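Chemist: So the chains spell out like this:
There are 2 protein chains.
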Amino acid sequence: MDSRIHLHELIAQVKQRNPQLVCLQIPEGLKFNVTEIEDAFSKENIPVITILDPSFGACDIADDKAKLLGADLLVHFGHAKMMHTAQNVIYWPVFYDFDDRFVQDAVAALKKDTFFSAHKKIGLFVTIQFHSNLEKIRKGLEEGGFEVHTGKGDLLEGQILGCDASARNTISEKCDAFLYFGDGYFHSLAVAYASDKPTYQFNPFTKELEHLNAYREKLLRVRSGLINKAMDAQTFGIIVCTKKGQMRKTLALKTKAMLEEAGKKAYLFCMDHITPQSLIGVQCDAYVNTACTRIAIDDAQNYTKPMLTPAEVEILVGQRTFANYKLDEIRHFGTKVE
Amino acid sequence: MDSRIHLHELIAQVKQRNPQLVCLQIPEGLKFNVTEIEDAFSKENIPVITILDPSFGACDIADDKAKLLGADLLVHFGHAKMMHTAQNVIYWPVFYDFDDRFVQDAVAALKKDTFFSAHKKIGLFVTIQFHSNLEKIRKGLEEGGFEVHTGKGDLLEGQILGCDASARNTISEKCDAFLYFGDGYFHSLAVAYASDKPTYQFNPFTKELEHLNAYREKLLRVRSGLINKAMDAQTFGIIVCTKKGQMRKTLALKTKAMLEEAGKKAYLFCMDHITPQSLIGVQCDAYVNTACTRIAIDDAQNYTKPMLTPAEVEILVGQRTFANYKLDEIRHFGTKVE
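Protein chains in written order, with my numbering: chain A, 1 to 338; chain B, 339 to 676.
Here chain A stands alone, though its shape is the one from the complex (with noise of 0.2 Å):
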């Protein structure tokens, strides 16, 4: 466990604020170790509870609850900071870290491909749990003989997320194709979706690089497929979120206002727990989710009525056209409804 999470270099980090309470919210990924985590703290005296509701990012941040429960530090697992809270906060990302050795073999796998070695100037992107290897990435890619961008948009330095790809912007101009090292498609297809230019993924796990294109035209088949049946929909809910970094509540109202001027009803839902489940029994056609951009993206399938992404519905009463499609970027974070 410590080689992912660095334990007692955090407890270190812990110990010097003194806390009186820290709360520590883990993603679901580490629940197997809550305990092993906690009683490391305890060894120490250091008074913790542990946050167990699921979060899903660091725009999920419980320094809400943190501060009912009268913590003074919340530490966040896995994910890198993305805004202002009131509460302190330690942010701490789970780590896979990889060796010099494990780069090369990577490094060697992307230039056997045909396509990808064709390409000379490389857009590199990570998401924060493969951080710590980008320079390493770098590396091996020029040694390799590419030329390597990675870019800074309002996250780290290459660091990308599903609802974020503003990194990508920063270096669009400068680059033949994108790589994105990591796993998942949520994240890569942000990279994806809004651009043209081949984007590669090349998942350290299974050591496979994927062509993103192709994926990318099937999930824009979906879109398409979701929009067109949203078309005869009379009603829509569109669902608004309190999570501090998902809340768009002017987005939901300017995406009623667009709905009900194209002749249709439209109802405003807020939820924190978006599932298929929480939606039996709600007489809608359709619905549009200003929360996070992956319940639309990552589980349509999963729901019996067509879920659509505010961008989509510009497309629906025809302010935008489907050649322009976008995803749904989250990129302002703030603590203000909006």
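Simulated from the structure, these hints should not be mistaken for laboratory data.
There could be a bad hint or two in this list.
[What the hints assert, rightly or not] Computed far set for chain A versus chain B, every beta-carbon distance over 10 Å:
hint: 1; residue: Val-94
hint: 2; residue: Thr-150
hint: 3; residue: Lys-197
[Claimed, not checked] List of simulated lysine-lysine pairs, BS3-like, C-alpha gap at most 25 Å:
hint: 4; chain 1: A; residue 1: Lys-265; chain 2: B; residue 2: Lys-381
hint: 5; chain 1: A; residue 1: Lys-254; chain 2: B; residue 2: Lys-405
hint: 6; chain 1: B; residue 1: Lys-490; chain 2: B; residue 2: Lys-664
hint: 7; chain 1: B; residue 1: Lys-405; chain 2: A; residue 2: Lys-67
hint: 8; chain 1: B; residue 1: Lys-592; chain 2: A; residue 2: Lys-43
All values reported here derive from a predicted model rather than from experimental measurement.
Think of the CB as a built atom: it goes at the ideal place given N, C-alpha and C, for glycine as much as any other residue.
Position chain B against the provided structure of chain A, taking the given hints into account.
Modeler: Below, chain B alone, put in the same frame as chain A:
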């Protein structure tokens, strides 16, 4: 629908307050009507957002969410006021109003029961949904020859909750038996648990009268089994909740100390959404729930590990005898961390 929620009357009250934005917090049972409810407000040009995350009582009040959404009024459906909130709140019960004939038939059914009709002095209790019928039922019982007491604890006259049967204590000495008029077992057991007096439940939907003492004995056997099973547990997860009316951090800390003194390991977990699924992966042998009493009582069989109440831990460590078993009551609601 209007017979259950008196929507026009509610809207008249809301209009008097002239709010800029109203949040509606509805129980699961009204989800089917949520679009209809929003329509009624829209017709009067009152902007609303409906909070669709489940609410299990006025202890689970979304005043903080309403504030984040910028609402200046919250309508909380289905439950009566329990505690102070910073937010402007209208508590609006879901009504089940019975006519005189219904009450006469119910009293006739009670009188026909050999055991019930042997009692003279009846303690009468209802939950908020049936509270509008309280005087009618009292009158019916009195006309049927019974002496009727209702009592008032922390809640309304004659009102009980599964976690608050304080009304019972105020009239216990005057009564031969107790009658709960309502559905479900959670609330009625709060009366039956802490009493050796005969306790009856008349379900207005099924029109059946049940003798709860046998049911209570059965449940006590289940609880005894869980406590015995937990005797062998080495590690305990103590669940603490940040919902305004369920926050019992002091009790959680006290329970932790008690378990540690008995040679057990104890961990503090904060959870607002407590389900068997949310504990998957956590390596504890048993759990103690300091949040909603219902989680340990109603849902016990859904958990693979024993889920105890704090009072049951007192039995486990030998500080209370099983003969003095008490239900986990949450009587002193507050907004402060205790």
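Chemist: Hints first: check each against the structure and report whether it holds.
Modeler: Going through the hints against the structure:
1. Val-94: For Val-94 of chain A, whose nearest Cβ neighbour in chain B is about 15 Å away, the distance exceeds 10 Å, so it holds.
2. Thr-150: holds (35 Å)
3. Lys-197: Label holds. Min Cβ-Cβ 39 Å, cutoff 10 Å.
4. A:Lys-265 with B:Lys-381: holds (12 Å)
5. A:Lys-254 with B:Lys-405: Within the cut-off at roughly 20 Å; holds.
6. B:Lys-490 with B:Lys-664: holds (20 Å)
7. B:Lys-405 with A:Lys-67: Status holds; Cα separation ~17 Å.
8. B:Lys-592 with A:Lys-43: Holds, because 19 Å separates the two Cα atoms, which is no more than 25 Å.
In summary, this structure violates none of the numbered hints.
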